[in-house]
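Number of protein chains: 4
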Amino acid sequence: MYSNKNSRSGSKRRSVLHEVIFEADTPAGKAFDIFLLCCIALSVLAVMLDSVKVVRIQYGGVLYAIEWIFTILFTVEYILRLLCVGRPFMYAKSFFGIVDLLAIAPTYLSMLLPGSQYLLVIRLLRVLRIFRVLKLVYYLGEATVLIQALRASRRKITVFIFVIFTIVIIVGSLMYLIESEESGFTSIPRSVYWAIVTLTTVGYGDISPKTSLGQALAALVMILGFSIIAVPTGIVTAEITQAMGQKKVSTQACSECSAEGHEIDAVYCKFCGAKM
Amino acid sequence: MYSNKNSRSGSKRRSVLHEVIFEADTPAGKAFDIFLLCCIALSVLAVMLDSVKVVRIQYGGVLYAIEWIFTILFTVEYILRLLCVGRPFMYAKSFFGIVDLLAIAPTYLSMLLPGSQYLLVIRLLRVLRIFRVLKLVYYLGEATVLIQALRASRRKITVFIFVIFTIVIIVGSLMYLIESEESGFTSIPRSVYWAIVTLTTVGYGDISPKTSLGQALAALVMILGFSIIAVPTGIVTAEITQAMGQKKVSTQACSECSAEGHEIDAVYCKFCGAKM
Amino acid sequence: MYSNKNSRSGSKRRSVLHEVIFEADTPAGKAFDIFLLCCIALSVLAVMLDSVKVVRIQYGGVLYAIEWIFTILFTVEYILRLLCVGRPFMYAKSFFGIVDLLAIAPTYLSMLLPGSQYLLVIRLLRVLRIFRVLKLVYYLGEATVLIQALRASRRKITVFIFVIFTIVIIVGSLMYLIESEESGFTSIPRSVYWAIVTLTTVGYGDISPKTSLGQALAALVMILGFSIIAVPTGIVTAEITQAMGQKKVSTQACSECSAEGHEIDAVYCKFCGAKM
Amino acid sequence: MYSNKNSRSGSKRRSVLHEVIFEADTPAGKAFDIFLLCCIALSVLAVMLDSVKVVRIQYGGVLYAIEWIFTILFTVEYILRLLCVGRPFMYAKSFFGIVDLLAIAPTYLSMLLPGSQYLLVIRLLRVLRIFRVLKLVYYLGEATVLIQALRASRRKITVFIFVIFTIVIIVGSLMYLIESEESGFTSIPRSVYWAIVTLTTVGYGDISPKTSLGQALAALVMILGFSIIAVPTGIVTAEITQAMGQKKVSTQACSECSAEGHEIDAVYCKFCGAKM
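Chains as they are written, first to last, in the working numbering: chain A, 644 to 919; chain B, 644 to 919; chain C, 644 to 919; chain D, 644 to 919.
These aren't lab readings, by the way, just hints derived from the structure by calculation. Since the model is a prediction, treat every value here as computed from it, not as a measurement. Don't take each hint at face value.
For chains that are exact copies, the list does not tell them apart, and a pair is met inside one copy or across any two.
[Stated by the list, open to error] With a straight-line cut-off of 35 angstroms between C-alpha atoms, the simulated DSBU-like cross-links for lysine-lysine are:
no., residue 1, residue 2
1, Lys853, Lys696
2, Lys696, Lys736
3, Lys673, Lys736
4, Lys696, Lys673
5, Lys673, Lys853
Please build the complete structure, drawing on both the sequences and the hints.
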């Protein structure tokens with residue numbers, strides 16, 4: 644089907660469409676992106692409002708119509724993207740291809756499964772439409788340094804999260820033995836949940852130790868959590884500092900005195916004055 | 644009106660007034676600023692105490708008088724500022740011009756609208772007087788490095804906050820489906836509120852998951868929040884380190900090409916090679 | 644007993660076993676490690692599920708069998724480790740030797756002590772099996788930089804934690820005097836527990852000040868905690884930055900005086916002046 | 644009185660005493676310090692246990708005796724310190740002189756005021772004995788780098804805390820108007836307390852917004868608090884990095900090539916090989 648349409652449309656019209664839909668540099672492309680962003684924000688707002696009982700009772704019909712209008716709009720956009728891109732299957736299999744599909748699928752699925760017994764599932768599918776909002780990140784070009792720093796610290800963060808999990812499982816198990824079931828520590832998984840709530844300094848208070856020994860252990864976990872937060876922060880800060888610093892120092896060595904560490908904009912060696 | 648008064652007052656008297664009111668270097672200017680700071684602190688304290696029921700019943704009259712005394716004082720100050728400044732409209736439209744006006748307006752408005760039905764609105768207006776406190780920042784000269792670092796990290800922080808919003812909307816929606824309404828997850832906006840409470844590690848506990856699946860998702864959000872806090876910290880730290888490091892750049896300009904921004908250890912100008 | 648077995652087994656067979664069990668570089672060693680990791684994860688999962696009442700009632704027998712299978716498996720592994728290692732006593736006394744023993748001991752102990760009155764203690768022993776999970780850290784080689792940074796900041800962190808303890812004891816004692824027993828501040832240790840909950844920004848809410856003075860002190864503690872978290876973060880970040888920066892130190896030794904630790908941009912040895 | 648005793652004791656005996664009490668380098672001085680540390684820890688523990696009702700009923704007499712023994716011991720120590728120090732009044736007026744006095748005063752005061760009506764006040768005085776623990780910091784020499792970094796960032800932290808106070812007063816006032824008194828926002832000071840609890844991510848949950856507008860504002864405050872924590876962390880990290888870095892780079896310039904930035908242990912210039 645796509646190849647049929649592909650052969651019908653001239654390569655010129657396709658490249659214009661490609662520019663408008665995929666690029667954000669040209670005025671037309673920019674206008675399209677801003678329009679798309681507004682549509683995404685509005686449709687997400689509609690889904691959110693629809694979940695509020697008071698609003699649904701009064702404006703349920705309007706919100707239903709809005710949902711369908713945006714779904715059709717995004718469907719047209721998805722088809723156009725498939726048409727104008729060089730390799731449609733590559734796009735469809737890419738992260739944003741899947742997100743684009745997930746952003747329209749739930750509304751159609753809610754039609755095919757009208758049985759009242761599937762209602763809850765349909766609601767789950769409808770909510771998945773919010774993944775559409777993920778596209779927003781795609782439109783912002785500022786995230787590069789952050790992503791680079793996070794990628795560099797990926798493995799260290801993994802070790803850190805693994806250590807966190809080990810700690811919360813052991814602490815949770817100890818707490819299950821120390822505290823009675825009346826305090827809310829009814830099973831090890833639930834005690835591990837409490838340990839996570841405490842270590843991350845969230846502290847709901849729905850489960851909290853009542854015995855002195857339990858409170859002493861909880862105090863230790865809190866101080867550990869308060870100190871341990873320094874580790875991911877230290878990792879990411881060091882990586883961001885490095886990612887930002889790499890732009891600054893040239894790798895060029897002076898041909899006269901072989902001194903290194905010159906700034907990128909340096910024309911003469913700052914130590915011996917020779918031209919670089 | 645202002646121009647009339649302007650023409651009446653000599654430029655000498657105006658410049659003395661300007662020095663006292665706008666400058667903080669001269670003894671008179673410093674004394675004026677300290678006096679103003681005390682007045683602001685006292686008037687804010689009076690508004691705060693007035694909201695405490697026990698205090699209002701006993702000292703309501705005194706606090707009402709204090710409020711009017713400070714309002715008149717600040718009004719006189721505002722008029723003097725308009726008179727002695729070179730371009731009154733520029734000042735009136737500036738950030739602190741508007742803050743100065745907002746700091747006196749509520750009390751006058753509470754007079755014009757004496758109807759009991761507007762009481763609540765009047766209270767809102769009265770509280771706006773606290774914006775006066777914002778002027779305090781103006782008097783401190785230490786904030787420069789911080790503001791510079793925050794300005795440099797502005798765009799990265801925006802991306803970060805946008806990612807946070809995307810995460811809390813998706814997590815909130817999933818939680819709305821997982822948890823029943825009895826746990827407090829009555830709508831998606833409320834579930835998003837819960838997600839923010841959890842991700843930022845605040846953790847009130849007024850809404851908290853009851854099901855195992857909900858608690859597992861909550862645990863993931865907590866660990867994410869605990870790790871993700873590293874990102875703004877890393878950004879700001881890197882910028883502050885850089886802002887503080889920039890002091891190490893020499894203020895010396897090359898005598899040949901007048902280029903600036905040399906490092907302190909530079910012996911030769913890095914742009915033209917001349918000895919510095 | 645171990646030396647008997649030692650003499651029976653040839654040194655060749657022992658070295659192959661050693662390679663498989665202790666090394667992770669060869670295909671056989673890697674496969675063994677991955678298999679062991681899965682076993683550890685599964686057995687921990689079984690212990691955790693066993694604590695959930697609903698699961699225990701229905702699958703108690705299966706979980707009991709799984710626990711015994713894994714215990715026997717880990718016992719065989721422990722004996723093999725003792726057999727193939729050069730100095731069995733050194734291994735048995737090392738951290739992971741003790742962890743390995745603790746990981747199998749509770750199940751056997753639960754057999755020797757069948758009295759119903761010790762049931763709770765037996766559960767404590769069973770939970771200790773989760774220490775087995777600690778072995779996981781051993782298998783990850785990524786933790787070196789983190790451990791190096793934490794070791795370097797060990798003493799500063801100790802001072803920091805000591806200051807924290809001093810603050811919470813003083814604040815807790817003051818709070819005990821300010822607040823009545825009805826608010827939950829029934830003793831100084833409990834008030835210190837509250838101070839830790841507040842300073843680390845956990846904030847359960849099970850104990851919270853009710854009087855104005857108490858809330859003012861609590862507010863001070865919160866702002867202190869919010870600011871003080873910067874200290875461990877700063878320490879660890881500075882150490883990680885340094886640990887990562889040390890890679891920039893050249894591994895080259897001076898050919899004259901064999902001193903190491905030269906910077907990468909060094910041209911002459913900084914200790915003897917010889918050209919490098 | 645002190646000068647009398649001063650003249651009686653020989654200068655030799657005094658200098659030996661001075662060495663034992665004030666120095667920590669000699670074996671005798673170290674042993675004295677360790678003994679003192681144990682005494683302080685034990686006496687603080689006794690005060691804390693005395694506040695627990697169950698313990699006081701059973702061991703009240705023993706704890707009372709322990710308190711008096713330690714008080715007499717610390718009194719003797721305080722008098723010895725006054726005797727052996729060169730200028731007793733300088734010591735008495737110094738920070739630790741006052742702390743030493745505060746550490747013994749409450750027990751004596753509880754004797755002079757035996758009236759049952761002052762009981763609560765006496766308890767306050769007794770708790771002040773815990774200030775004794777502050778002496779501990781005195782004995783640790785590791786805190787220097789931390790104190791140096793905190794002193795350097797003192798003014799920036801002040802600006803930061805001032806901004807925090809401005810934010811919480813404005814947010815608290817707005818919240819007082821938005822939320823009804825039933826949610827716990829009974830006055831502006833109490834709303835400001837809530838704002839501090841939320842901004843610092845403590846989140847007790849004793850006061851929490853119920854209206855949608857209130858929850859939206861609360862969410863903003865949380866995200867602000869989550870982001871703003873980066874500021875003190877950034878300041879302190881930058882200062883610690885600088886404080887640690889200052890040890891490393893010598894300020895000495897090469898006499899031949901005038902290059903700077905040599906390491907402290909450098910004997911020869913790393914750029915030209917000249918002896919430094």
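Hint check results:
1. Lys853 with Lys696: For Lys853 and Lys696, only the inter-copy Cα distance (16 angstroms) is at most 35 angstroms; the intra-copy one is 38 angstroms.
2. Lys696 with Lys736: neither (37 angstroms within a copy, 44 angstroms between copies)
3. Lys673 with Lys736: For Lys673 and Lys736, both the intra-copy (25 angstroms) and inter-copy (33 angstroms) Cα distances are at most 35 angstroms.
4. Lys696 with Lys673: Neither: 37 angstroms inside a copy, 55 angstroms across copies.
5. Lys673 with Lys853: Answer is neither: 59 angstroms inside a copy and 41 angstroms across each miss the 35 angstroms cutoff.
The structure is inconsistent with the numbered hints 2, 4 and 5, although it conforms to all the rest.
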